[in-house]
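Sequences listed follow chains A and B, in order.
Take numbering that gives the first Met the number 0: the final residue in the first sequence is number 159, and no numbers are missing along the way.
Take numbering that gives the first Met the number 0: the final residue in the second sequence is number 159, and no numbers are missing along the way.
There's no promise every hint is true.
When chains are identical, the list treats them as one kind, so a pair holds in a single copy or across two.
[Claimed, not checked] List of simulated lysine-lysine pairs, DSSO-like, C-alpha gap at most 30 Å:
id, residue 1, residue 2
1, Lys82, Lys130
2, Lys130, Lys41
3, Lys82, Lys103
4, Lys82, Lys23
5, Lys23, Lys130
6, Lys114, Lys41
7, Lys114, Lys82
8, Lys114, Lys130
9, Lys82, Lys119
10, Lys103, Lys119
Think of the hints as simulated: they come from the structure by calculation, not from any bench.
Quick caveat, the model's predicted, so the values are computed rather than measured.
Protein chains: 2
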Amino acid sequence: MNHEERFAAVALNTWRAGIERADKLFSGLTDDQLLQQIAPGKNRLIYLLGHLTAVHDAMLPLLAFGPRLYPEFDAPFITNPDKERSATPSSPEVRRAWNEVNGKLSESFASLRPKQWLEKHTAVSDADFVKEPLRNRLAVLLSRTNHLAYHLGQAVLSNK
Amino acid sequence: MNHEERFAAVALNTWRAGIERADKLFSGLTDDQLLQQIAPGKNRLIYLLGHLTAVHDAMLPLLAFGPRLYPEFDAPFITNPDKERSATPSSPEVRRAWNEVNGKLSESFASLRPKQWLEKHTAVSDADFVKEPLRNRLAVLLSRTNHLAYHLGQAVLSNK
Chain A
0 MNHEERFAAV ALNTWRAGIE RADKLFSGLT DDQLLQQIAP GKNRLIYLLG
50 HLTAVHDAML PLLAFGPRLY PEFDAPFITN PDKERSATPS SPEVRRAWNE
100 VNGKLSESFA SLRPKQWLEK HTAVSDADFV KEPLRNRLAV LLSRTNHLAY
150 HLGQAVLSNK
Chain B
0 MNHEERFAAV ALNTWRAGIE RADKLFSGLT DDQLLQQIAP GKNRLIYLLG
50 HLTAVHDAML PLLAFGPRLY PEFDAPFITN PDKERSATPS SPEVRRAWNE
100 VNGKLSESFA SLRPKQWLEK HTAVSDADFV KEPLRNRLAV LLSRTNHLAY
150 HLGQAVLSNK
């Protein structure tokens, strides 16, 4: 394993560890439990899972892996705050999307050679990337890994 | 900037972004506010800040940067759960330790050449590192960056 491969492998291991932790946490909850708030007056667990799904789905075009699978998740889970009475996708629907999106990401990650993590993401122009070469795929991966940890820290506060 | 340098720089940027976010959050709270719980029955903010400080302090020997600065933070902030009435370091003491530990880490990080991130951390033996080359400094950095995000996600839930 050369140096580039090691750098990329550690980053991917960290992402996968977060996904596994989330899978374990959310799959251990019933659909009813998903509708509970993480703390009084705070987001429901289903909102966190839907939010993570929407943000991960948006990584597909951002990393040039293809179009989004669930663009309709943005309105209920990103653009708008959690509202208990609004129509949002059901727990089974959110779970299915979560698994599908992360599966697609996993396949796409596996197709990259290590140095391709240093290529620009699609939200930065060629001209800007010359000046800011760290706006690359790797930066997106690490940022989203942190974003996942951030919301996992919240999700564990719920008392099921 | 060569490839190794870019990989290391992105990882360090992500760490720094987390530290800056934490600095902003905790420095925006009064000492009294630090004593509040993040949610009913959950850890106090000062416990999270002390916990993060203790975990970051333990990175110093783990990354071979030197001895710990605040080993006495383990008992109140890692070994034991938060207890409102137990004697813990005061808010000013915890803030000072937080800044000192992160400052020392920042200096130490700056002294590493990119490929040194791929060297083993001190909790793995030479023999095991041959078999598991990803148990390196970089893995510790990314893991602790996530740990910080995890608790930041909790800290923001408090309503000051």
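| query | With identical chains treated as interchangeable, where does the CA-CA distance between Lys82 and Lys103 reach 30 Å or less: within a copy, between copies, both, or neither? | reply | Result: close within a single copy only, 29 Å intra versus 44 Å inter.
| From the Cα coordinates, with 30 Å as the cut-off, is the pair Lys130 and Lys41 best called within, between, both, or neither? | neither (41 Å within a copy, 45 Å between copies)
| Within, between, both or neither: Lys114, Lys130 at alpha-carbon 30 Å | both (18 Å within a copy, 24 Å between copies)
| Homo-oligomer pair classification [Lys130, Lys23; C-alpha up to 30 Å] | between (41 Å within a copy, 28 Å between copies)
| said: Regarding Lys82 and Lys23, is the shortest C-alpha distance of 30 Å or less found within a copy, between copies, in both, or in neither? | reply: both (25 Å within a copy, 29 Å between copies)
| query | Given a CA cutoff of 30 Å, do Lys82 and Lys119 count as a within-copy pair, a between-copy pair, both, or neither? | reply | neither (36 Å within a copy, 47 Å between copies)
| Should Lys82 paired with Lys130 be assigned to within, between, both, or neither, using CA atoms and 30 Å as the limit? | neither (42 Å within a copy, 50 Å between copies)
| Homo-oligomer pair classification [Lys82, Lys114; C-alpha up to 30 Å] | Neither, since 42 Å and 48 Å both go past 30 Å.
| For Lys114 vs Lys41, is the C-alpha pair at or below 30 Å within one copy, between two copies, both, or neither? | Close neither inside one copy (41 Å) nor across copies (43 Å); limit 30 Å.
| task | First find the shortest C-alpha distance between Lys103 and Lys119 inside one copy, then the shortest across copies, and answer within, between, both or neither for a cut-off of 30 Å. | result | Intra 20 Å, inter 32 Å, cutoff 30 Å: intra-copy only.
The structure does not agree with the numbered hints 1, 2, 6, 7, 9 stated previously, though it agrees with the rest.
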